[in-house]
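Chain by chain, the residues:
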Amino acid sequence: MNLFYLILLPLLTAVSVLLCRGGQIKWAAFAGAVLQLALAVGLVVAYGQQRAAGNTAQMLFQQQYMLFSGVNISLHVGVDGISVAMVLLTSLVSLAGVLVSWKMEKMTKEFYFLLTLLALGAYGFFISLNLFVLFFFLEISVIPKYLLIGIWGTGWKEYSANKLALMLMGGSALILVGMLGLYFTAGHNFDILSIANTAIPANTQHLIFPFLFVGFGVFTAMFPLHTWVPDGHSSAPTAGSMFLAGISMKLGGYGCLRVAVYLLPEGAKQYANIIILLSAIAILYGAFATMMQKDLKYMNAYSSVSHVGFSLLGIGMLTQTAITGALLQMVSHGLMTALFFAVIGMLYDRTHTRLVGEMGGLLKVLPFISTLLFIVGFCSLGLPGLSGFVAEMTVFVGSWQNDDVFHRVATIAATASIVVTAVYILRAVAQTAMGPVSNEHFLLLKDAAWYERLAAILLVAAIVCIGIGPGWLADLLRPAAEIITNRIAGK
Amino acid sequence: MNEFLTLMKSELVLTVLIFLLLFVKIGRGVHNEALLPIIQVLLLVNFIAGFFFNGQGSLFGGMFHTSPLIAFEKNILSLAVYLVSLLFAGWLKKSQHMPEFFLLMLTALLGMFLMISSGNLLMFYLSLELSTIPVAAMANFDLHKKRSSEGAMKMVLSSAFSSGILLFGISLLYGATGTLSFAEIPALLNGAPLQVLAFVFLFSAFAFKLSVVPFHLWTADVYEGSPIAVTAFLSVVSKAAMAFIFITVLYQVFKPLQAVWYNLLVLLAVATMVVGNLFALRQQNIKRFFAFSSIAQVGFVLVGISNIGVLGVSTVVYFMLIYVFSAMAAFGVAAAVSHYANKENVDAYKGLYKNNRFLSWIMALALFSLAGIPPTAGFFGKLFLLAAGGERAAYWFIAVAALNMIVSLYYYLRVVRAIFMDANETPIDAIPLGQGERLGLVICGAGIVLVGLAGGIFNFIQTLH
Numbered sequence: 001m002n003l004f005y006l007i008l009l010p011l012l013t014a015v016s017v018l019l020c021r022g023g024q025i026k027w028a029a030f031a032g033a034v035l036q037l038a039l040a041v042g043l044v045v046a047y048g049q050q051r052a053a054g055n056t057a058q059m060l061f062q063q064q065y066m067l068f069s070g071v072n073i074s075l076h077v078g079v080d081g082i083s084v085a086m087v088l089l090t091s092l093v094s095l096a097g098v099l100v101s102w103k104m105e106k107m108t109k110e111f112y113f114l115l116t117l118l119a120l121g122a123y124g125f126f127i128s129l130n131l132f133v134l135f136f137f138l139e140i141s142v143i144p145k146y147l148l149i150g151i152w153g154t155g156w157k158e159y160s161a162n163k164l165a166l167m168l169m170g171g172s173a174l175i176l177v178g179m180l181g182l183y184f185t186a187g188h189n190f191d192i193l194s195i196a197n198t199a200i201p202a203n204t205q206h207l208i209f210p211f212l213f214v215g216f217g218v219f220t221a222m223f224p225l226h227t228w229v230p231d232g233h234s235s236a237p238t239a240g241s242m243f244l245a246g247i248s249m250k251l252g253g254y255g256c257l258r259v260a261v262y263l264l265p266e267g268a269k270q271y272a273n274i275i276i277l278l279s280a281i282a283i284l285y286g287a288f289a290t291m292m293q294k295d296l297k298y299m300n301a302y303s304s305v306s307h308v309g310f311s312l313l314g315i316g317m318l319t320q321t322a323i324t325g326a327l328l329q330m331v332s333h334g335l336m337t338a339l340f341f342a343v344i345g346m347l348y349d350r351t352h353t354r355l356v357g358e359m360g361g362l363l364k365v366l367p368f369i370s371t372l373l374f375i376v377g378f379c380s381l382g383l384p385g386l387s388g389f390v391a392e393m394t395v396f397v398g399s400w401q402n403d404d405v406f407h408r409v410a411t412i413a414a415t416a417s418i419v420v421t422a423v424y425i426l427r428a429v430a431q432t433a434m435g436p437v438s439n440e441h442f443l444l445l446k447d448a449a450w451y452e453r454l455a456a457i458l459l460v461a462a463i464v465c466i467g468i469g470p471g472w473l474a475d476l477l478r479p480a481a482e483i484i485t486n487r488i489a490g491k
Numbered sequence: 001m002n003e004f005l006t007l008m009k010s011e012l013v014l015t016v017l018i019f020l021l022l023f024v025k026i027g028r029g030v031h032n033e034a035l036l037p038i039i040q041v042l043l044l045v046n047f048i049a050g051f052f053f054n055g056q057g058s059l060f061g062g063m064f065h066t067s068p069l070i071a072f073e074k075n076i077l078s079l080a081v082y083l084v085s086l087l088f089a090g091w092l093k094k095s096q097h098m099p100e101f102f103l104l105m106l107t108a109l110l111g112m113f114l115m116i117s118s119g120n121l122l123m124f125y126l127s128l129e130l131s132t133i134p135v136a137a138m139a140n141f142d143l144h145k146k147r148s149s150e151g152a153m154k155m156v157l158s159s160a161f162s163s164g165i166l167l168f169g170i171s172l173l174y175g176a177t178g179t180l181s182f183a184e185i186p187a188l189l190n191g192a193p194l195q196v197l198a199f200v201f202l203f204s205a206f207a208f209k210l211s212v213v214p215f216h217l218w219t220a221d222v223y224e225g226s227p228i229a230v231t232a233f234l235s236v237v238s239k240a241a242m243a244f245i246f247i248t249v250l251y252q253v254f255k256p257l258q259a260v261w262y263n264l265l266v267l268l269a270v271a272t273m274v275v276g277n278l279f280a281l282r283q284q285n286i287k288r289f290f291a292f293s294s295i296a297q298v299g300f301v302l303v304g305i306s307n308i309g310v311l312g313v314s315t316v317v318y319f320m321l322i323y324v325f326s327a328m329a330a331f332g333v334a335a336a337v338s339h340y341a342n343k344e345n346v347d348a349y350k351g352l353y354k355n356n357r358f359l360s361w362i363m364a365l366a367l368f369s370l371a372g373i374p375p376t377a378g379f380f381g382k383l384f385l386l387a388a389g390g391e392r393a394a395y396w397f398i399a400v401a402a403l404n405m406i407v408s409l410y411y412y413l414r415v416v417r418a419i420f421m422d423a424n425e426t427p428i429d430a431i432p433l434g435q436g437e438r439l440g441l442v443i444c445g446a447g448i449v450l451v452g453l454a455g456g457i458f459n460f461i462q463t464l465h
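Residue numbers (my numbering), protein chains in the order written: chain S, 1 to 491; chain R, 1 to 465.
This is chain R alone, in the form it adopts within the complex (with noise of 0.2 Å):
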C-alpha cells in the first residue's frame, strides 16, 4: 500500500486535484477571479510536490513503472501546466467554463503522466486515448467561434484515425510476439515481416501524434482554429508527453529493430525539419506560424533521438524542458496580444516596442531562445540535440540541421524585426498585463536565461538515467 502511494504519488495528487475542481463546479457561486488564484496555487503546489518522495519501481505487474527520470520528466509538464494558468489568465477568466478548463487540462495531463509511465502497450494506449480525448474538448473551448470547432473536429478525426492505426499496429504486434509488455517484447523481436510492419504502424502513429512530416497536417488547422491557450498545452505538453514516450518505446521496445528505425528516423527529421520551417517562412497568423516552426523544433527533437543511447534521453529531455520555457513565453505574449488588442497577424506586431516593452523583450528572448541562439537556453538545447544526432558520424546529416537553425533564424527574425524595427502608425496600446500574466513571463524569461548557463540542470538530468 505504502509502494502504491509513493510510486503513483503524482498521479494520486492530480486525482486529487480533479476532484476537487468537480466539487468546485457542482456547488455553484464561485467567481472565476477568486477561483483562478487557487487554482493557480493548487497547481504550483502539485508542481512542487512532484520533487518529493520520488521512488523508482513497477505496479500493477508491470503495467505502471516510475524513475526519477520520469518523474522529473513529470514535473516538465506540470510546470507547463502551472505555466498555462499563469500566462492565460486573461482568457480563463472571461470563460464561462473555466473550471472545466482546468478539469480538462487536468485529465489530459493525467493522461500523459499514466502514459510516460506505462509499461505495456494497452496501457499505453488507454493513457493516450485519456491525454487526448479530453483536448479535442479543450480545442472547441471558444464556443461561439466557427474555427474552433472546426479544429476540434480535425483534431478528433485524425486522433481517432492516428487511435486505429495504433491499435492495428499493437495487435499485430501482439500477433507476431504474443505479449503487451514493453519488458517482455524486445526479446521477442527478431526482424520478421510482420514484426517490422506492426512496427510501421506503430511509428505512424507517433509520427501523428508529434506532428512528424508527412503525417503533420493536421497542425496548423488545429492550432489556428483553438484558442491560444489550448494551441500552446497542444504543442508544448501533448508534444513533451509524447516525445517521452517515443524515446521510451523506440530504445527500450524497438531496441533489437534498431536497425530499420535509426534511417527512418533521420529520413523524418530531415523532412520535418525542411518541410516546418519551409512553411512556417511564409505564415501570416501567429498560431499558425508558430504551428510549423514547432513542428521543425520537432525535428531536432527526432535528431537528438537519433543517438540511441543516454547522451539521446537527457538531451531531449533537456530540451523539452527548455522548449516549455521559450514557447510557453512566446505563446504567453501572442496570447497577450490577441486577448487585449484582439490580433493575431505578424503585421499587427510592428511598433509593438514602441507601447510594451516588457512584452517585446520576452518575445524577442523566447523568439532567439527557439531559434537557438546564445546566451539564450535554446542555443544549449540545439547544440546538444545536434550533438547526439552526430555521434553516428552522420555529417551531412547535422550539416542539414545546421542550415535548418539558419533558415529558422530568417523567420523568427521576421517576427523580431516587426517588434522592434518596422515602422507602424498604430502600433498596439499599452496592454494591462494582469499580475498572473506578468509572472508567467518573468519566470519563463528566467527559465530562457538561466536553464542554459547554469549547467547544472543538464548534468542534473544526465544522473537521472
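The shape of chain S in the complex, shown without the other chains (with noise of 0.2 Å):
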C-alpha cells in the first residue's frame, strides 16, 4: 500500500474541482471524496493483513525521502493502528461533508476546492512521522477553515473566522517553540521515531511538553483554551462544522498524543494531574454550558468541548485503556458530531431557524431527519449500542484503574456529567422532534433528499458499526496505545 495514494487522491480531487465547471464540480469532488472512502477502507483492510501475517513493525508501510537535506527534513511516511482509524474517520466525514453540501451554490468551485484541501491536510497529518511534515499538513488546514467560515457562514462569520484562525496560530505558534525544542535536542532531527530512540533529559521534557501539549491542545478546544469552538462552529457553513468538529479537532488530540505524550513521556507524567484536572472541568463545564444554548449549533459546539473533554481524560490518565478509550471517543465523537451537524444543516435549510424553541413536532412532517436527532443525540449520551457508550465506557473502566483519590474524584466527576448531557439531549429532542408542529410552514417541508440521505446513513452506519462491534477498532487502537504506555511505564 502507497501512503501517498492518500496525499494524491485529494491532490487530484482538488485540481479537477479547479479544471470542472457548473455541474460538474460536485460531482468531481463527490467521486473524489468515493474513491478517497475505498482508498481508506483498502487501507484498513491492508493494515489488518499485515498484522496478521505477523509484521510487528511499528509503523506500516513506511516511506522516506529527503526534501531538506541542509536542516534534515524529510518525507516520511507510516501509519500505525491511530492513524489508520483517523485515516478511516476523515474519509467517512469527508464524503458525508460533500453529500450535504450538494446544493451549495455560492461559489461552489471555491467551497468544494477548500473543503478537499482540508481533508488533504488531514490525511497528510496523519500519516506524517515527521515534526515538521506534521507541522506542515496541520498548517494547511488553518486557511481553508478561516475562508469557509468567513465566506461561506452564518451571523458573526468575519468575528468567528479571525478569532479562530488566529487561536489556531497562537496553537501553532506554542507546537512550533515545541517542536524546534525538540529539534536541537534531539540532534537536529524532526523523525518521531528517531526522536523516540534518543533519550531526552527529564527536565528538558518538561520545558517542551507545555508548549506541544498546550499548542495541540488549542486546536483540540482544550479547556479554557475552546473559546473559538462555540464561535467557529456555529458560524460555518454545514459542512464546514462538520470537518472542523469531526477532523480538525482530531488533529489535535492526535498530535497531543503522538507528539506530545508519545514522544515526552516523562513530561506527560508531569503534567497528567493538570490535563486530567483541566479536561475533567472541561467535561463538566461544557456539559452545563449546553444546558443553557437555544441555539442547535451552539448546543452541538459545547457539547463538543464536553465529549473532547473525554479524550484528554483518557489522555491524562495514562492508562492503556484509558488512551484507547480516548482514541474511540475521538472516532466516536468525529462520526457522531459530525452527524449532529449535518442534522442541524438538514434542519435549518428547511425551517431557517437553529433555535430549539422555535421548533416542535418535527418527527410527523420529517421523519427521517427527526430520527437522525434521535439517533445522534443518544449516542452522544452514550446509550449502549452507539458508539458514544463504548468510548466513554472505556475512558471511564481505563480511568478507574488509577486507584488514588484523586484521578477517582475527576473519573467519578466526569461520569456525572453523563446525567447533564441527558437532560439536554432529551430537553432538546423532545422539543424539536416531538409535541404539536409548532409552525404551520413546517407542514410543507419535505423530507431528506437522496444526497441527505446517503450521508446520513453512511455516519449511522459507522456510529452502530462501532456500538455493536467495538472489537475491530479497538483491536486497532490497543496495541499502538500499548506502545505509548510502555514507554510512560518505561519498558
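Simulated from the structure, these hints should not be mistaken for lab results.
C-beta: ideal position from N, C-alpha, C; glycine also.
So the derived label-pair ranges between C-beta atoms look like this:
hint, chain 1, residue 1, chain 2, residue 2, range
1, S, GLY155, R, PHE51, 47 to 57 Å
2, R, VAL449, S, THR198, 32 to 42 Å
3, S, TYR5, R, LEU44, 33 to 43 Å
4, R, ASN342, S, LEU207, 48 to 58 Å
5, S, ALA31, R, ASP429, 33 to 43 Å
6, S, TYR65, R, SER149, 50 to 60 Å
7, S, ALA31, R, PHE51, 38 to 48 Å
8, S, GLY155, R, VAL196, 55 to 65 Å
9, R, VAL196, S, LEU207, 30 to 40 Å
10, R, ALA259, S, ALA416, 57 to 67 Å
11, S, ARG453, R, LEU278, 47 to 57 Å
Assemble the dimeric complex from its two separately framed chains, guided by the hints.
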C-alpha cells in the first residue's frame, strides 16, 4: 500500500474541481471523496492483513524521501492503528461533508476546493512521521477553515473566522517552539521515530511538553482554550462545521498523543494531573454550558467541548485502557458530531431556524431527519449499542484503574456529566421532534433528499458498527496505545 | 583579461544594458509601447545570463570578489528587477520618462551588484552610494505629486545621514586597524573600545538601510510617497541586497566581535518585529501597510542572521528569494488596483473578489506567503529562519518570533477579509490587466507555490556556500 496515494488523491480531486465547470464540480468532488473512502477502507484491510500476517513493526507501509537535506527534513510517512482509524474517520466525514453541501450555490468551485484541501491536510497530518511535515499539514488546514467560515458562514462570520484563525495560529506558534526545542535536543532531527529513540533529559521534557501539549490542545479545544469552538462552529457552513468538529479537532487530540505524550513521556507524567483537572472541568463546564444554549449549533459546539474533554481525560490518565478509550472517543465523537451538524444543517435549510424554541413536532413532517436527531442524541448521551457508549465506558474503566483519590474523584466527576448530557439532549430532542407542530409552515416541508440520506446513512452505519461490534476498532487502536503507555512506564 | 570578463560578467552585462538604454534615450522616436517589451526581454536575458559561467575569485587586489553564492544572490536581484519591469508595465507605459526609469534602476542594480561583491570598505561605500542615489531620483518619479517629491527628499536626507554615520564608522575602523580590506580586518580586531565604537556606527548605518527599529522612521513616508514600482524596488531589491552584504560584513569582517553583536542583533530583531507588526495593524494606506509589514519581515531576517553559521546564510538567501516572489506579487496587485482603479486604501479592496478573481487569489497567496502559512513558500522561509535563530537555544527569542507571526497573520488577514468577505456595493470593476502584468503575476504565484514545495532549491543554496 503506497501511502502517498492518500495525499495524491485529494490533490487530484482538488485540481479536477478547479478544472470542472458548473454542475460537474460537485460530481468531481463526490467522486474524489468516494475514491478516498475506498482507499481508506483498502488501507484498513491492508493494515489488518499485515498485522494478521505477523508484521509487528510499529509503523507499517513506511516510506521516506529526503526533502531538505541541509536541515534534515524528510518526507517520512507510515501508519499504525491510530493513524489508520483517523484516516478512515477523515474519509467518512469528508464524503458526508461533500454530500450535505450538494445544494451549495455560492462559489461552488472555491467551496469544494477548500473542503478537499482540508481533507488533504488531515490525511497528510495523520500519516506523517516527521514533525516538520506533520506541522506543515496541520497548518495547511488553517486557511481553508478561515475562508470557509468567512465566506460561506452565517452570523458573526468574520469575527468567528478571525478568532479561529488567530487562536489556531497561536496554538501553532506554541507547537513550533516545542518542535524546534525537540529538533535541537534530539540532534537536529525532526523524525518522530528517531526522536523516540533519543534519550531526552527529564528537565528538557518538562520544559518542552507544555508547549506541544497546549499547542495541540488549542486545536482540540482544551479548556480554557476552547473559546474558538462555539463561535467557529456556529458560524461555519454545515460542511465546515462537520470538518471542524469531525476532523480538525481530532488533529489536536492526535497531536497531543503522538507528539507530546509519546515523545515526552516524562513531561506527560509531570503534567498529567493538570491535564486531568482541565479536562474534568471541560467535561462538566461544557455540559452545563450546553444546557443553557438555545441554538442547536451552539449546543453541539459546547457539547463537543465536553465530549472532547473525555479524550483528553483518557490521555491524562496514562493507562492503556484509558488511552484506547480516548482514541475511541475521538473516532466516535468525530462521527457523531459530524452527523449532528449535518442534521442541524438539514433542519436549518428547511425551517430557517436553529433555535430549539421555534421548532416542534418535526417528527410528523420530517420523520427521517428527526429520527437521525434521535440517533445522534442517544449516541451523545451514551446509549449502549451506539459508539458513544463504547468510547466513554472505556475511558471510565481505564480511568478507574488509577486507584488514588484524585483520579477517582476526577473520574466520578466526569461520569456525573452523563446525567447533565442526558438532560440537555433529551430536552432538545423532545422539544424539536415531538409535540404538536409549532409552525404551520413546517407542514409543507420535504424530508431528506437522496444525498442527505446517503450522508446520514454513512455516518449512522459507522456509529452503529462501532457501537455493536467495537472489537475491530479497539483491536486496531490498542496495540498502538500500548506502545505509548509502555514508554510512559519506562519499558 | 579572461578572468576579468568571467568574474565581472554580471556587472559588464548590466553596464552594456545601461549604455544601450542611454543610446535609446538620446536617439528619439521610440515609443514606450514598443520599447517596454524589448527592455523586458533584455532584463530576462540578463537574469538568465546570471546562471552561466559563474566563477570564483577576486579582482583588483581584493576590492572585488565573487563566488557561486554571490552570483546566486545577484540572480535573485536580477529576477526581482525583471519582475518590476513586468508587474508595473501599466504605470511604466504611461510614464513620460520610461527609459530614464530603467536607466536609474539598472544603475542602482549595478551598485548593488558591486556592493555584494565588494571586498573592501571603500568599495562597499562607493557602491552603496551608487545604489542609493538613483533610487532617490526614482522616488521622485511621479513629478506632479507633491508626496512623491517629499518622499524623495526624505530618502535623500536620511540616506545622506546614514552615509555620514557609515563613513564615520569606517574612518574610526581604519584608525583602529589601519586597513579597509575585509580579509585583513578580522585578524586585527581585539574588542578594543574604539573598535566597538566603530562597529556600532557601521551597524547603525546598516540598520538605517535595512529599516531596523529604531532606525526605521523614514521608511513609511518614503514608501507612501513613491510610486508603487519604486516602493517595490526599495522594499524588495534594496532590502535583499543590504541583507546579503550585512551578512558578509557581520560573519566575515566582524566575526571576532561576535559576542558584542549577537545580543545587539537579538534585541533589535525583537524590537523590529514587534514595532513593525504593531504599526502595521492600523495602517489604512496599502503602501504604508506594506512598509510596516516589510519592517517586520526584516526583523525575521535578523532572527535568521543571528544563527552565525552556514544555516544563517542559506536561510536568509532562501527567504529573500521567497520574499521577492511574495512581496512583488503583493505590490503587483496593489499597483494594478492603484493604477487602474486609482485606489490605495485597504478599504477599497472590499469585494475585490467579485470582479477580479485572478488578482484576488494572487494577493491572497502573496499575503499568506508573507504571513508564513503553508502550502506557500513563505512558510518554509519563515520556519527555516526561526530554526536558524533557534540553533543557539534561545527559546524565548523563538517564542517571541512565533508570537509575532500571529500578530502579522492578524493584519494580513485583514486584507484577505476585505477582498473575500466584506460586502461592498461598489466593488472595483474588472481591471484590464496587460500581458506583462499577467505574466509577472503568474510567475510570482508559481514561485510562491513551488519554491517552498520543491526542497531542491534550499538544498542547492546550501551547496553554494
